[in-house]
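A.B. asks: In order, the protein sequences belong to chains E and U.
Going by the numbering used here, the first sequence opens with residue 1, and the numbers climb by one from there.
Going by the numbering used here, the second sequence opens with residue 1, and the numbers climb by one from there.
Check the hints yourself; a few may be wrong.
Stated by the list, open to error - Under the rule of at most 16 Å between Cα atoms (straight-line distance), these lysine to aspartate or glutamate pairs were calculated in the EDC-like manner:
id, chain 1, residue 1, chain 2, residue 2
1, E, K96, U, E44
2, E, K73, E, E29
3, E, K108, E, D26
4, E, K96, E, E29
5, E, K96, U, D56
6, E, K70, E, D26
7, U, K14, U, E85
8, E, K96, U, E104
9, U, K78, U, E68
10, E, K78, E, E61
11, E, K70, E, E29
12, E, K108, U, E44
Quick caveat, the hints were computed from the structure, so don't treat them as lab data.
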Amino acid sequence: AQTVTQSQPEMSVQEAETVTLSCTYDTSENNYYLFWYKQPPSRQMILVIRQEAYKQQNATENRFSVNFQKAAKSFSLKISDSQLGDTAMYFCAFMKPGAGSYQLTFGKGTKLSVIP
Amino acid sequence: GAGVSQSPRYKVAKRGQDVALRCDPISGHVSLFWYQQALGQGPEFLTYFQNEAQLDKSGLPSDRFFAERPEGSVSTLKIQRTQQEDSAVYLCASSHSSRGESNEQFFGPGTRLTVL
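Can you make the complete structure from the sequences, with help from the hints?
C.D. replies: Listed below in structure tokens is the structure:
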């Protein structure tokens, strides 16, 4: 079974600064997907960024980028130029594709507060 | 188009009552997932449908939990004889397919169930 660990329950960052959220995972699979989801207060979860394990290049989406270290089973999220709207819970998630179900396995989340 | 919708948004039940939670996925999405999110935790997988077929129900915590998607669109999660430990937010997600870029899961706003 896969497990996802987010070791930072809460973090804060000043507006316009950069912050990195940590995620590690445990799997024996070689082919899989990793995701960061954002869950703003009282709003629904949305996808921030995704990474396919077979791709060596780190994914980027505007101010969001990841540092994917496959051998270390590490998948951190960097948010640059933090904005007040980035305040949310951030969940790291793992997916093993293949026959049958391809559910997401989530970490416990990191609560990020952006301070004006 | 419209996103994933869920109803009701809030449900209060007395212990022992039966409840039914509804999910309307994005039109044309083949895959549908149910997750349970306890307070302060990440979502945990309950069950998965591909069209009308329930391909994975390994996450359902007991035989009091039942899900269906009879016409491959709307899904209902039913909980019989509710217990206090069933109190959580129930999230529904849908995706276009299981393949490649189309496996992104889009989440609904959730139903917050409180069992008294």
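A.B. asks: If a hint holds in the structure, say so; if it does not, say that too.
C.D. replies: Against the structure, the hints come out as follows:
no., hint, in the structure
1, E:K96 / U:E44, "15 Å, holds"
2, E:K73 / E:E29, "11 Å, holds"
3, E:K108 / E:D26, "14 Å, holds"
4, E:K96 / E:E29, "8 Å, holds"
5, E:K96 / U:D56, "14 Å, holds"
6, E:K70 / E:D26, "11 Å, holds"
7, U:K14 / U:E85, "12 Å, holds"
8, E:K96 / U:E104, "13 Å, holds"
9, U:K78 / U:E68, "8 Å, holds"
10, E:K78 / E:E61, "10 Å, holds"
11, E:K70 / E:E29, "11 Å, holds"
12, E:K108 / U:E44, "10 Å, holds"
Of the numbered hints listed earlier, not one is contradicted by the structure.
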